[in-house]
Amino acid sequence: MKEQLKIDFNKIQEVSNFSNRDIEIKKSYLNKFIENGFPNRKQENWKFLDINQIISNNISDLSFYNDYSIENKIDPSIFIDDLEHNKIIFINGRVEKIDFSYEDKKQIEIIEDSYTIDKSENNNSLIDLNIALSNKHFKILIKKGYSLKKPLIIYHLSNEKMKSKNINLRLDFELEQNSSLKLIDFFSDYSEKNFMNIFYNFNLDRDAILKNYKIDKSLNKNLKYSFNNIDQKQNSISETFVFSAGSDYFKNEINCNLKGEYSSAFINGIFSLDDNKQHEIRTTINHLVENTKSYQLIKSVLGKNTKSAYQGRIYVDSKAQKTDGYQLSKAILLDETSEFNAKPELEIYADDVKCSHGSASGSLDDNSIFYLMSRGLNYKQAKGLLINGFLLDVIEKITDAEIKDLLKKMIGLKK
Amino acid sequence: MDTREKDIENLKDYKYGFTTDIENIKAPKGLNENVIKFISNIKKEPKWMLDFRLKAFERFKLLKEPDWQKPKYPKIDYQDLYYYSAPKSMKDKPKSLDELDPKLLETYNKLGIPLQEQARLNGIAVDAVFDSVSVATTFKGELTKHGIIFCSMSEAIQKHPDLVKKYLGTVIPTTDHFFATLNSAVFTDGSFVYIPEGVKCPMELSTYFRINASETGQFERTLIIADKGSYVSYLEGCTAPMRDENQLHAANVELIALDDAEIKYSTVQNWYPGDENGKGGIYNFVTKRGLCKGKNSKISWTQVETGSAITWKYPSCILKGDNSIGEFYSIAITNNHQKADTGTKMIHLGKNTKSKIISKGISAGFSDMTYRGLVDINSKAKNSSNYTQCDSLLMGNKCGAHTVPYIKNKNFDSNVAHEATTSKISEEQLHYCQQRGLNPEEAVGLIVNGFCKEVLQQLPMEFAVEAQKLVGISLEGSVG
Chain P
1 MKEQLKIDFN KIQEVSNFSN RDIEIKKSYL NKFIENGFPN RKQENWKFLD INQIISNNIS
61 DLSFYNDYSI ENKIDPSIFI DDLEHNKIIF INGRVEKIDF SYEDKKQIEI IEDSYTIDKS
121 ENNNSLIDLN IALSNKHFKI LIKKGYSLKK PLIIYHLSNE KMKSKNINLR LDFELEQNSS
181 LKLIDFFSDY SEKNFMNIFY NFNLDRDAIL KNYKIDKSLN KNLKYSFNNI DQKQNSISET
241 FVFSAGSDYF KNEINCNLKG EYSSAFINGI FSLDDNKQHE IRTTINHLVE NTKSYQLIKS
301 VLGKNTKSAY QGRIYVDSKA QKTDGYQLSK AILLDETSEF NAKPELEIYA DDVKCSHGSA
361 SGSLDDNSIF YLMSRGLNYK QAKGLLINGF LLDVIEKITD AEIKDLLKKM IGLKK
Chain H
416 MDTREKDIEN LKDYKYGFTT DIENIKAPKG LNENVIKFIS NIKKEPKWML DFRLKAFERF
476 KLLKEPDWQK PKYPKIDYQD LYYYSAPKSM KDKPKSLDEL DPKLLETYNK LGIPLQEQAR
536 LNGIAVDAVF DSVSVATTFK GELTKHGIIF CSMSEAIQKH PDLVKKYLGT VIPTTDHFFA
596 TLNSAVFTDG SFVYIPEGVK CPMELSTYFR INASETGQFE RTLIIADKGS YVSYLEGCTA
656 PMRDENQLHA ANVELIALDD AEIKYSTVQN WYPGDENGKG GIYNFVTKRG LCKGKNSKIS
716 WTQVETGSAI TWKYPSCILK GDNSIGEFYS IAITNNHQKA DTGTKMIHLG KNTKSKIISK
776 GISAGFSDMT YRGLVDINSK AKNSSNYTQC DSLLMGNKCG AHTVPYIKNK NFDSNVAHEA
836 TTSKISEEQL HYCQQRGLNP EEAVGLIVNG FCKEVLQQLP MEFAVEAQKL VGISLEGSVG
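As given, the protein sequences belong to chains P and H, one line each in that order.
Once you know that position 85 of the first sequence is 85 in the numbering used here, the rest is easy, because the numbers rise by one and skip nothing.
In the numbering used here, each residue carries its 1-based index in the second sequence increased by 415.
Treat the hints as calculated values from the structure; they're not laboratory data.
A few of these clues could be false.
Dumping the calculated DSS-like pairs for lysine-lysine here, alpha-carbon to alpha-carbon at most 30 Å [as the list claims (entries may be wrong)]:
| id | chain 1 | residue 1 | chain 2 | residue 2 |
| --- | --- | --- | --- | --- |
| 1 | P | 143 | P | 404 |
| 2 | P | 42 | H | 479 |
| 3 | H | 766 | P | 47 |
| 4 | P | 211 | P | 139 |
| 5 | P | 87 | P | 408 |
| 6 | P | 163 | P | 136 |
| 7 | H | 769 | H | 735 |
| 8 | H | 485 | P | 319 |
| 9 | H | 795 | P | 304 |
| 10 | P | 42 | H | 487 |
| 11 | H | 769 | P | 383 |
| 12 | H | 771 | P | 304 |
| 13 | H | 580 | H | 470 |
Now the stretches of chain P that chain H is said to cover, found in silico as 3 or more residues with beta-carbon under 8 Å [said to hold, decoys possible]:
| id | stretch |
| --- | --- |
| 14 | 331–339 |
| 15 | 360–370 |
For each residue, glycine too, the CB sits at the ideal point set by N, CA and C.
Kindly produce the complete structure, drawing on both the sequences and the hints.
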């Protein structure tokens with residue numbers, strides 16, 4: 001793999017026009033990745049689902065080179081009709097379109113930011129890989145006091161041309177004081193056996209509001225990894241929602257640093273898995289100052305041969321008095337072969353805090369099914385109703401009414 | 416400085432009974448095959464036992480010391496330790512309780528430890544103050560009548576080799592982790608209990624009553640076997656402060672419960688925790704594991720951990736037999752610079768297995784407390800269930816309380832529920848108690864005891880009283 005990496009890296013540099021400085025930086029990250037390789041189960045964060053093994057089992061001939069000079073055709077049928085929105089379209093990892101037609105152009109700046117330094121200081125070799133191999137990345141800056149009128153949908157599309165490829169994407173978002181952004185990541189794949197590695201960096205200034213919804217619904221055989229780093233200043237709010245269902249493997253990592261007083265973070269997630277899918281959500285909430293709040297709710301419905309994992313960590317610094325932290329994960333196992341893993345972790349160094357977590361897993365309640373069947377539903381309907389009710393709980397947490405409706409329609413909870 | 420610290424302070428000046436004895440029989444310093452042969456030889460062990468040790472040592476050489484745990488400690492030089500040291504000669508020991516430091520006696524009285532036990536704890540020949548011979552023989556006679564074997568490990572190796580051979584290392588094999596393997600190689604002594612089929616042990620067994628045993632060393636090994644339909648309750652550890660320098664304590668405890676048998680294992684651990692600056696104290700790295708081998712068997716661990724500079728242990732249950740039950744009740748209290756990383760593992764393998772975990776952690780001062788637990792429900796463990804509750808209480812903002820549960824559910828018929836909370840003692844509760852005439856320290860004691868009640872009531876009667884007092888003493892000086 002090492003040789004392949006070096007060859008592909010040089011090939012990418014030939015076709016791209018990075019500055020020498022960038023190339024140097026990228027090279028150093030590449031060397032870091034070569035040294036550490038893909039993470040494996042020996043690392044605590046990858047204990048439940050070992051990406052190294054999953055990649056080698058699924059993609060034996062992984063190639064890291066992508067030719068970003070070839071234009072892809074945009075198929076408009078893929079777009080979400082029910083909702084007026086701004087668009088950024090990635091096809092096979094290449095930015096095909098950036099469209100902010102609903103917005104005041106003066107209030108949004110799109111910066112082709114090629115400085116690639118990773119400020120998150122994560123010991124994460126997938127981030128190293130991302131920085132080393134990603135194409136030019138953009139930074140979207142939303143100016144002081146501006147709220148986007150319409151949500152921004154980022155389409156992550158891929159077509160059958162892609163196979164056994166590694167795609168690395170990176171976007172930075174800067175939300176200035178009192179600005180707000182609603183962001184939907186929509187995944188739709190017509191390719192298989194690719195490894196997609198997405199890295200978002202959010203910087204929320206005072207009073208800024210970020211709502212990020214990740215929807216991985218369409219069935220595909222790709223492996224995906226997404227890392228959100230969110231830095232929050234005073235009074236800012238971040239809401240992250242993950243609908244994790246379609247890909248063969250998907251790990252969502254959310255790292256939230258609550259650096260300003262009265263900032264809060266909400267993370268809600270749904271795993272709805274079937275047929276050999278393995279998904280994971282890992283969250284880290286760092287409560288670094290006083291009076292911060294975090295809330296997490298993760299629910300899983302697991303079918304045949306599936307595995308879901310939730311690793312949630314709440315860290316409370318000794319300065320962070322009056323922290324309020326909550327984690328809850330629940331799972332319904334539908335089949336003998338399904339498996340649920342959880343590691344809800346609390347690391348607390350301050351005494352005046354309220355932190356709790358809960359985790360429960362089991363099968364569908366027989367009494368509830370009996371109750372529904374005695375009222376005239378058949379077994380399948382009863383089961384469906386119970387599962388929908390179970391999941392609806394998470395959807396109801398979405399604070400944006402329009403997007404909540406959209407999601408309900410997508411999942412089939414609403415016509 | 417609280418009274419306990421004062422006690423410790425006083426003990427440093429205490430010149431009798433705690434000095435090193437020149438007449439000790441010691442193995443040469445260091446860890447090698449010869450030392451292991453020395454230990455085995457001096458204990459006149461049969462060849463299979465020596466082979467067991469050497470096999471463990473072979474494996475030990477390949478192992479690396481683990482470093483994933485939360486409490487870090489300075490590197491231990493395993494070549495700089497004595498692995499065998501015979502009991503101190505009676506010569507240097509105090510002849511009667513009158514010679515003991517009155518401060519120490521005061522602590523004992525606070526804990527309510529019976530006189531004869533106080534004496535034993537200090538190595539005073541018990542018969543000087545109390546006729547132990549008759550006590551010992553009464554117990555011995557009673558136990559023998561029921562066919563119960565209760566003796567030291569060394570004696571068991573000599574007298575009951577078949578049982579030892581059959582069960583030793585079946586729960587904690589020689590191929591286990593670093594400290595367990597080290598123990599397998601160099602263990603000096605420990606307790607051996609065998610309860611025959613259908614026998615309910617008529618009394619609580621404890622190391623204290625095992626009169627014939629020599630003092631247990633730093634690498635003790637305990638093996639308890641409850642045969643079909645039997646019951647035993649075993650108490651471990653002394654509740655009095657054992658005072659020693661930074662010392663490694665790596666014991667192995669194996670429990671085996673056959674069909675319909677029940678073992679209840681209670682520990683009250685109060686080793687020397689080091690001074691208020693975190694100097695000295697015991698490293699308590701213990702491996703405890705129980706195997707519910709037979710159907711309908713039950714193993715229950717109860718622990719009150721207040722001592723040791725570093726506690727690092729996870730009493731576990733392997734629920735292999737169908738319908739077997741595993742329980743874990745724990746109170747861990749850390750103060751000053753103490754560190755504890757403790758919890759349990761419940762491995763569900765059999766059908767209809769049940770486990771329950773109640774863990775209460777209290778940290779004060781500059782200490783760090785971690786609950787680390789694993790609940791693993793195997794795909795064959797149909798209709799199993801687990802309930803876990805771990806609560807932490809923080810006192811002051813210099814300490815830490817952490818919860819790291821691992822939950823693995825591979826069976827859709829099984830239910831796993833986990834709950835954890837972390838908070839501090841609320842001002843209202845304190846205010847309420849103080850209003851009713853308690854001073855702040857008493858108020859905290861009362862609230863903490865209430866917080867721990869679920870666990871305390873699992874302890875045998877006489878232990879519970881001591882443990883309750885211990886909880887209070889451990890937290891002295893942490894308020895205000």
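Now for the hints, and whether the structure bears them out:
Note on residue 143/P and residue 404/P: the hinted pairing holds, with a Cα-Cα distance of about 26 Å set against a maximum of 30 Å. Between residue 42/P and residue 479/H the CA atoms are separated by roughly 15 Å; this keeps the pair inside 30 Å, and the hint holds. Distance check on the hinted pair: residue 766/H and residue 47/P sit about 26 Å apart at the alpha-carbon level, within 30 Å; holds. With a C-alpha separation of about 17 Å, the suggested pairing of residue 211/P with residue 139/P holds against the 30 Å cut-off.
The suggested pairing of residue 87/P with residue 408/P holds, with an alpha-carbon distance near 21 Å, which does not exceed 30 Å. The suggested pairing of residue 163/P with residue 136/P holds, with an alpha-carbon distance near 22 Å, which does not exceed 30 Å. With a C-alpha separation of about 11 Å, the suggested pairing of residue 769/H with residue 735/H holds against the 30 Å cut-off. Restraint check for residue 485/H and residue 319/P: the C-alpha separation of about 20 Å stays at or below 30 Å, so the hint holds.
Distance hint between residue 795/H and residue 304/P is fulfilled; the C-alpha atoms sit about 16 Å from each other, no more than 30 Å. Among the hinted pairs, residue 42/P with residue 487/H is consistent with the structure: their alpha-carbon atoms are about 20 Å apart, no more than 30 Å. For the proposed pair residue 769/H and residue 383/P, the alpha carbon gap of about 27 Å is at most 30 Å, so the pair holds. Among the hinted pairs, residue 771/H with residue 304/P is consistent with the structure: their alpha-carbon atoms are about 28 Å apart, no more than 30 Å.
In summary, the hint linking residue 580/H to residue 470/H is supported, as the alpha carbons are separated by about 14 Å, within the 30 Å threshold. For the stretch 331–339 of chain P, the stated coverage by chain H is satisfied: 8 residues place a CB nearer than 8 Å to a CB of that chain, which reaches the threshold of 3. Closer than 8 Å: that is the beta-carbon criterion, and the stretch 360–370 of chain P has 4 residues meeting it against chain H, so the requirement of 3 holds.
Of the hints listed earlier, there is not a single one the structure fails to meet.
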